[in-house]
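Student: The chain contents come next:
2 protein chains.
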Amino acid sequence: MADKTPKQCPLAVILAAGEGSRLKPACGGSKPIAPLMGLSLGERTLCACAKAGVRRFLIVLGHRGEEVRAHFEEIGLRRGFKVDFKVADDWTLGNGASVLAAADFVGDELFLLTMVDHMVEPGLYRKLLQEPPRSGEICLAVDRNRNGLFDVEDTTKVSLINGHVQAIGKDLKAWDAADTGVFLCTPALFKGIEKARARDRHGLSDGVSELAGNGAVRAVDVTGEAWLDVDDPKALREAERSLIDSLHRGKGKEDGYISIWLNRPISVWISTRLARTRITPDQITVASFLIALVAAGFFAAGGFAAGLVGGILLQAASVLDGCDGEVARLKECGSERGAWLDTILDRYSDLAVSLAITYGYAVAHPGALPWVGGMLAGGGFLLASYVTKEYQLRFGVPYPNDTLNRLKRHDLRVFILFLGALAGAPFAALLFIGALTHLLLAGIILKGWRRTLT
Amino acid sequence: MADKTPKQCPLAVILAAGEGSRLKPACGGSKPIAPLMGLSLGERTLCACAKAGVRRFLIVLGHRGEEVRAHFEEIGLRRGFKVDFKVADDWTLGNGASVLAAADFVGDELFLLTMVDHMVEPGLYRKLLQEPPRSGEICLAVDRNRNGLFDVEDTTKVSLINGHVQAIGKDLKAWDAADTGVFLCTPALFKGIEKARARDRHGLSDGVSELAGNGAVRAVDVTGEAWLDVDDPKALREAERSLIDSLHRGKGKEDGYISIWLNRPISVWISTRLARTRITPDQITVASFLIALVAAGFFAAGGFAAGLVGGILLQAASVLDGCDGEVARLKECGSERGAWLDTILDRYSDLAVSLAITYGYAVAHPGALPWVGGMLAGGGFLLASYVTKEYQLRFGVPYPNDTLNRLKRHDLRVFILFLGALAGAPFAALLFIGALTHLLLAGIILKGWRRTLT
Chain A
3 MADKTPKQCP
13 LAVILAAGEG
23 SRLKPACGGS
33 KPIAPLMGLS
43 LGERTLCACA
53 KAGVRRFLIV
63 LGHRGEEVRA
73 HFEEIGLRRG
83 FKVDFKVADD
93 WTLGNGASVL
103 AAADFVGDEL
113 FLLTMVDHMV
123 EPGLYRKLLQ
133 EPPRSGEICL
143 AVDRNRNGLF
153 DVEDTTKVSL
163 INGHVQAIGK
173 DLKAWDAADT
183 GVFLCTPALF
193 KGIEKARARD
203 RHGLSDGVSE
213 LAGNGAVRAV
223 DVTGEAWLDV
233 DDPKALREAE
243 RSLIDSLHRG
253 KGKEDGYISI
263 WLNRPISVWI
273 STRLARTRIT
283 PDQITVASFL
293 IALVAAGFFA
303 AGGFAAGLVG
313 GILLQAASVL
323 DGCDGEVARL
333 KECGSERGAW
343 LDTILDRYSD
353 LAVSLAITYG
363 YAVAHPGALP
373 WVGGMLAGGG
383 FLLASYVTKE
393 YQLRFGVPYP
403 NDTLNRLKRH
413 DLRVFILFLG
423 ALAGAPFAAL
433 LFIGALTHLL
443 LAGIILKGWR
453 RTLT
Chain B
3 MADKTPKQCP
13 LAVILAAGEG
23 SRLKPACGGS
33 KPIAPLMGLS
43 LGERTLCACA
53 KAGVRRFLIV
63 LGHRGEEVRA
73 HFEEIGLRRG
83 FKVDFKVADD
93 WTLGNGASVL
103 AAADFVGDEL
113 FLLTMVDHMV
123 EPGLYRKLLQ
133 EPPRSGEICL
143 AVDRNRNGLF
153 DVEDTTKVSL
163 INGHVQAIGK
173 DLKAWDAADT
183 GVFLCTPALF
193 KGIEKARARD
203 RHGLSDGVSE
213 LAGNGAVRAV
223 DVTGEAWLDV
233 DDPKALREAE
243 RSLIDSLHRG
253 KGKEDGYISI
263 WLNRPISVWI
273 STRLARTRIT
283 PDQITVASFL
293 IALVAAGFFA
303 AGGFAAGLVG
313 GILLQAASVL
323 DGCDGEVARL
333 KECGSERGAW
343 LDTILDRYSD
353 LAVSLAITYG
363 YAVAHPGALP
373 WVGGMLAGGG
383 FLLASYVTKE
393 YQLRFGVPYP
403 NDTLNRLKRH
413 DLRVFILFLG
423 ALAGAPFAAL
433 LFIGALTHLL
443 LAGIILKGWR
453 RTLT
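Sequence lines, in order, name chains A and B. Going by the working numbering, the first residue of the first sequence is number 3, and it counts up by one from there. Going by the working numbering, the first residue of the second sequence is number 3, and it counts up by one from there.
One or more hints might be untrue.
Which copy is meant is left open, so a pair is good if it fits within one copy or across any two.
Stated by the list, open to error - Taking lysine to aspartate or glutamate pairs in the DMTMM-like style, the calculated list, with each CA pair at most 25 Å apart, reads:
| # | residue 1 | residue 2 |
| --- | --- | --- |
| 1 | 172 | 76 |
| 2 | 449 | 338 |
| 3 | 172 | 155 |
| 4 | 236 | 76 |
| 5 | 236 | 338 |
| 6 | 449 | 240 |
| 7 | 449 | 284 |
| 8 | 236 | 156 |
| 9 | 449 | 334 |
The hints are simulated quantities; they were obtained by calculation from the structure and are not laboratory data.
Next up, chain A with everything else stripped away, as it sits in the complex (with noise of 0.2 Å):
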């Protein structure tokens, strides 16, 4: 077979047949569909692998494999991935049996191979994925960093030479990288697997081990790609963890400075209860702008306690704001759509608590003066949000996140009305941040036009 390319090469088969014993106290049923953090560990494995390309999947199954079958065939529809499956009979005797079961399906195929309870970035599968393996071999995803490793004891390592295996095994002495249980293979791999079967070995290793020992293991290095074998309680909690963490990375790109200390560390709270549960972030989007527009209600209304409840729910919707991106991250379910209505509401709720805050301070002081200082305000902030968009699409590079862009953010704007609102002088605050917020348009298109100059 010659040398195939990442494009020609879309089938992964994902072992899920296994029983996850040391999982059992924490997922209760099987292990392929233990939820995590709303999401089971299998749908986060097809996820990855979309993610990097592959949607086909073979799946083996073993272990309660009706009840298996079911949910990824679930999956496989909701996500619009093509999923076919095979049963390893044999399953118990070891993974090597389960790999074989795929034998017949996977044919001359070059195919990917993943532990359905790994879970994995999907950087590590492109990575492997642009080094196919030439006929006869099979490769290897490798991490060197061995301190980086969660649980070294139970970690199958290699010692490898000139970038191949030369032996693997979780008790090898003296190893050089840990074997992150991702391959990338041509059928070699189950002639490999069947060489240690004859011998009565039925591990996957057993069958990688009989090919490295003719130099047909290749290793891929994709150290720095977070993997992690979430085979027991210890290790889900790791994995919780990293989701967590995953969402805190954010940070900084885009958000602003309420967003950073306040915000995200309360929304990343909220969410990873929300995740748990079937409330879509879609769902959160629009809750959070009814908040927003119940606070313009309250505002509108006037007087301090209205105004103190105003603030109040107009921070809880910014906050909640955060959540539905947040959720969709951990539950692999962001859409375009989805931003897009969160992003536009976000608008609407500007003009609305604008409008609200000034007819608020104007009922009780009539005049022109309160209604044209609202009117400015709020321009200013739908206008905030209007030139840093074209700003992109004229230069053809996003607007910096420098302090000009922070301090005209949906969050600081929104913290300082609530500020406002717990000072019993809403009005004052809008007409604060709305000036703050023309002298950085200002600065902001003087940026842009300055540009080009050089």
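Please build the complex by placing chain B on the supplied structure of chain A, with the hints as guidance.
Tutor: Below, chain B alone, put in the same frame as chain A:
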């Protein structure tokens, strides 16, 4: 010499030695610097080459050499082109003699050869540059649209065999295509011209004719790309007409209804006048904005007469708002920062005008309601500009210029306000177009939401 790609061939030789005697009545002085809608023929030629990727020029001088040199030196400095010069002492013999003056400078390079008085679309240069001549060969851009020629009698014609020029001349009886006067040459051209010179023939066509006899002149079909030999007053008028046409051709892609049927015809008329002055597009942008602000001032004053003046000024500003881009195109001086300023100031003018019309009405009709209506209308205008930018960034394609989009544009908005002012009811017009805008917004938001469902 091996084939060369356009990347390696960034030199254009521009023949600017001739007298252009037939243009004298129109341009008075020298032909290359004859102004055409605010830009000399020579500068237009350099700009068209630059758009095709050529940034290095050799200008062959003859008639009024010092004057022409100074003109192109200034262009080179201003536009950042590298411009060199050679004087053809014997240019009076014919344009073949002018070409020979470039021989030493060109050396072994592949070069584009074009006439300073030909107005040529960049696409023609691009097509030619994609077909580099082989060693010993030259390529001639030919136009097979015999019926589309401007002045058939004066056109140099070619007859073709197997894609090669067989004969060339103004008086060919049987001919297949027109010689556009644009070549992509190896130094073989100089040999052909020298051969002709030995027979006391000094035209460029004579040299080309020599090469054609050896099958060394390949024809590159550029039919469909506009070109024009501007060598008499009639052709100069035709060139002006085609420039004006190109302004109208922008139609339909981004223009709204009022732009197409009212503003554009007027603004093109104004732009052709403005292009002949020293007024820059950015100055026009600012002037248009200031006129809109003055209009807002009149609206704020309230009353029929002031509103009428405001409406007329606002509509005038809207017409003038089209001139900045048109003058920029006519004078080849468009800039991203100019477009940036233009777009942003339009939004500020939207805000100022909504505010002013509401103010003018609210002074005579106290209470919060007019302000609520005015603020919602003004917010709608800003959102209308915002959503289509957001759409493009979110979905990676521009929002189509559908009915929703055309009805929400600045031009229609202003025109409705203008009509309202004529009818003595600018505030009613503001509420009407504001409400319409919010309806259109709902449609656009829905379109974005549905987009990713398919």
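Student: Now tell me if each hint is right for this structure.
Tutor: Hint check:
Taking the shortest Cα distances, residue 172 and residue 76 never come within 25 Å of each other, neither inside one copy (35 Å) nor across copies (76 Å). With identical chains, the CA atoms of residue 449 and residue 338 are at most 25 Å apart between copies only, with a shortest distance of 13 Å across copies and 29 Å within one. In the homo-oligomer, the alpha carbons of residue 172 and residue 155 lie at most 25 Å apart inside one protomer (7 Å), although the nearest pairing across protomers, at 90 Å, exceeds that limit. In the homo-oligomer, the alpha carbons of residue 236 and residue 76 never lie at most 25 Å apart, since the shortest distance is 28 Å inside one protomer and 74 Å across protomers.
Taking identical chains as interchangeable, the C-alpha atoms of residue 236 and residue 338 are never at most 25 Å apart, the minima being 35 Å within one chain and 56 Å between chains. With identical chains, the CA atoms of residue 449 and residue 240 are never at most 25 Å apart, being 44 Å at best within one copy and 42 Å at best between copies. Taking the shortest alpha-carbon separations for residue 449 and residue 284, only the inter-copy value of 16 Å comes in at or below 25 Å, while the best intra-copy value is 35 Å. Taking the shortest Cα distances, residue 236 and residue 156 sit within 25 Å of each other inside one copy (12 Å), while across copies they are farther apart (89 Å).
In this assembly of identical chains, residue 449 and residue 334 lie within 25 Å of each other by CA distance solely across copies; the values are 24 Å between and 37 Å within a copy.
The structure does not agree with the numbered hints 1, 4, 5 and 6 stated previously, though it agrees with the rest.
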